[in-house]
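Model the full assembly from the supplied sequences, consistent with the hints where possible.
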Amino acid sequence: MKKLAYYPGCSLNGTGRAYDESLRAVFEALGEPLEELDDWNCCGATSYMSIDKGKAYALASRNLALAEREEADLLTPCNACYLVLEKTRRHLADSAEMGHRVRRALDAVGLSYEGDVRIRHPLEVLTQDVGEERIKEAVKEPLKGLKVAPYYGCQIVRPYATFDDQYHPQTMDRLLKATGAKVVPYPFKTRCCGASQTGTLPEVGLHLVYRLLNEAKARGADVLAVTCPLCQFNLDAYQSQVRREYDLEPIPILYFSQILGLALGIPAKKLGIDRCVVSANRVLERRAAHAA
Amino acid sequence: MRPNIRTEADRSPEFARWITSLPGAEKIKECMHCGLCSASCPLFAYMDHSPRQLMHLGREGFRDDVLGSFTIWLCTSCYQCTVECPRQIPVTEIMYALKRRAIEEKVYTKHLPIPVLAREFRRMVTDRGRISESWLVMKLLLKTGVHRMFGMVGLGWDLVRTGRFSLRKETIRERADLAKMLEAVGSDAEVVS
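Quick mapping for you: the protein sequence lines, in order, are chains W and C. Going left to right, the first sequence walks through residues 0 to 291 as numbering that gives the first Met the number 0 numbers them. Going left to right, the second sequence walks through residues 0 to 192 as numbering that gives the first Met the number 0 numbers them.
If you're looking for bench data, these hints aren't it; they were derived computationally from the structure. Using N, Cα and C, we set each Cβ at its ideal position, and we do this for glycine too. Hints may be right or wrong, so weigh each one.
Covered stretches of chain W (in silico footprint by chain C; criterion: 3 or more residues with CB under 8 Å from a CB of chain C, positions within the stretch not fixed) [as the list claims (entries may be wrong)]:
{"#": "1", "segment": "1–14"}
{"#": "2", "segment": "47–55"}
{"#": "3", "segment": "125–131"}
{"#": "4", "segment": "181–194"}
{"#": "5", "segment": "216–225"}
{"#": "6", "segment": "233–242"}
{"#": "7", "segment": "264–278"}
Within a straight-line C-alpha distance of at most 27 Å, the following computed DSS-like cross-link-like pairs (lysine-lysine) qualify [said to hold, decoys possible]:
{"#": "8", "chain 1": "W", "residue 1": "135", "chain 2": "W", "residue 2": "146"}
{"#": "9", "chain 1": "W", "residue 1": "86", "chain 2": "C", "residue 2": "28"}
{"#": "10", "chain 1": "W", "residue 1": "143", "chain 2": "W", "residue 2": "181"}
{"#": "11", "chain 1": "C", "residue 1": "168", "chain 2": "W", "residue 2": "268"}
{"#": "12", "chain 1": "C", "residue 1": "26", "chain 2": "W", "residue 2": "86"}
{"#": "13", "chain 1": "W", "residue 1": "86", "chain 2": "C", "residue 2": "179"}
{"#": "14", "chain 1": "W", "residue 1": "216", "chain 2": "W", "residue 2": "176"}
{"#": "15", "chain 1": "W", "residue 1": "2", "chain 2": "W", "residue 2": "86"}
{"#": "16", "chain 1": "W", "residue 1": "146", "chain 2": "W", "residue 2": "181"}
{"#": "17", "chain 1": "W", "residue 1": "216", "chain 2": "W", "residue 2": "188"}
{"#": "18", "chain 1": "W", "residue 1": "269", "chain 2": "W", "residue 2": "135"}
{"#": "19", "chain 1": "C", "residue 1": "28", "chain 2": "W", "residue 2": "269"}
{"#": "20", "chain 1": "W", "residue 1": "135", "chain 2": "W", "residue 2": "181"}
{"#": "21", "chain 1": "W", "residue 1": "268", "chain 2": "W", "residue 2": "143"}
{"#": "22", "chain 1": "W", "residue 1": "188", "chain 2": "W", "residue 2": "135"}
This is the structure in structure tokens:
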């Protein structure tokens, strides 16, 4: 496996720190401890692209150049960072004009980018490089009886389907099954969570969140598993506001890495389980009591 | 209120040329109005013009209708329309270009917090290289109406209680290099007035 430089992104340093904590713990338990990309910067997300295209690509490309200097591929857990970096990588290869502009900007600060960096998501690395067999062997506490709805969000499967099926992604399903949990059918797997509309246009954003939560409940899920800090924030932190508007029972929102970590026997505290606004403790305790 | 009738005088040939010259957007001319972009859009129900209508208005040059539309600000960039389009029209990327032009020409709906978020986001990244989420949200609230803060008290407390609220200002080491890079890349030639 080519060296991976871990690119946490801004959210994993902030509201999504449980994702950072659980990923580091899981990769360490699997014998592949994460090494952070030195001095990485914000990918620009959707906001920067809404203002200035050239600067947005230059901003994202600095991370590609830093990774190339370390002779590494980028490991990018956040869906938004994943897409921005992948889009930048492709655009620099396809557009001679933008490629030239960005390379000139990199050159001005002594950086270069030849195009030799892949953007990789933990779901891809865990299923392809580490492999389910190794994960199954490492499982110490099978999560028998836990019913999980897998929610992938939009930007890791659209517009590019790089490592999974665009309409019916399976990598997270497979990882969750390897933990012994039961994966419930969830047709809204790749439906948009509303992104920043929860904050900017609440009546719109909250309705989108409600539909995702309600569907998971209707399918009998105990928890929703997510791969993106913004999805997690919307479904978890806005859930009480959603429940003020709509009739809905609470449902905890966990990162897939937290669920994986629990199965590997990593203490809940190290996985940031207590950082859920909608507490997952009762659901997890009930499952443990049931399995015992 | 403006009557819902458009005439030749409302069309801007320049705008039509501009939108169809965006990367991949010449395909708008091949749109067959199947409506899959609109049907698959999760925000469709809240839009004034559906994505299909917006693409059509754009290719015909109805600049004011397109740039003044609420639709471009509702788009969350989920790319559903882009992957559904049988003519491979890059609808989401066109939405980005429309946002850029609307901000550039200052024609978006006033008091809409979305362009304010984009600008504050850019300022923070340009200055420090990273986003400090708590600071960004507080700035947004200050700029778009302090009254909105009251509704956020509960959410704020939830984040504090779970250790997800941080007042640390995230910064990269090579700030000067980043500024130099962003300067060196120049500004977009695609926004021509």
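Hints and how they fare:
1. 1–14: holds (count 5)
2. 47–55: holds (count 8)
3. 125–131: violated (count 0)
4. 181–194: That given contact holds, which follows from 4 residues of the segment 181–194 of chain W lying within Cβ reach (below 8 Å) of chain C.
5. 216–225: Three-residue rule not met by the segment 216–225 of chain W, so violated; n is 0.
6. 233–242: holds (count 4)
7. 264–278: Coverage by chain C holds for the segment 264–278 of chain W (4 residues, Cβ < 8 Å).
8. W/135 / W/146: The given pair, whose Cα atoms are some 18 Å apart, holds under the 27 Å limit.
9. W/86 / C/28: Holds. Residue 86 of chain W to residue 28 of chain C sits at ~25 Å (cutoff 27 Å).
10. W/143 / W/181: 7 Å, holds
11. C/168 / W/268: 25 Å, holds
12. C/26 / W/86: 20 Å, holds
13. W/86 / C/179: The given pair, whose Cα atoms are some 23 Å apart, holds under the 27 Å limit.
14. W/216 / W/176: 19 Å, holds
15. W/2 / W/86: At roughly 21 Å apart (the allowed maximum being 27 Å), residue 86 of chain W and residue 2 of chain W satisfy the hint.
16. W/146 / W/181: 5 Å, holds
17. W/216 / W/188: With a Cα-Cα distance of about 14 Å, the restraint between residue 216 of chain W and residue 188 of chain W holds, given a limit of 27 Å.
18. W/269 / W/135: 21 Å, holds
19. C/28 / W/269: 55 Å, violated
20. W/135 / W/181: 15 Å, holds
21. W/268 / W/143: Distance of about 21 Å is within 27 Å: holds.
22. W/188 / W/135: 24 Å, holds
When each numbered hint is compared with the structure, violations occur for hints 3, 5, 19.
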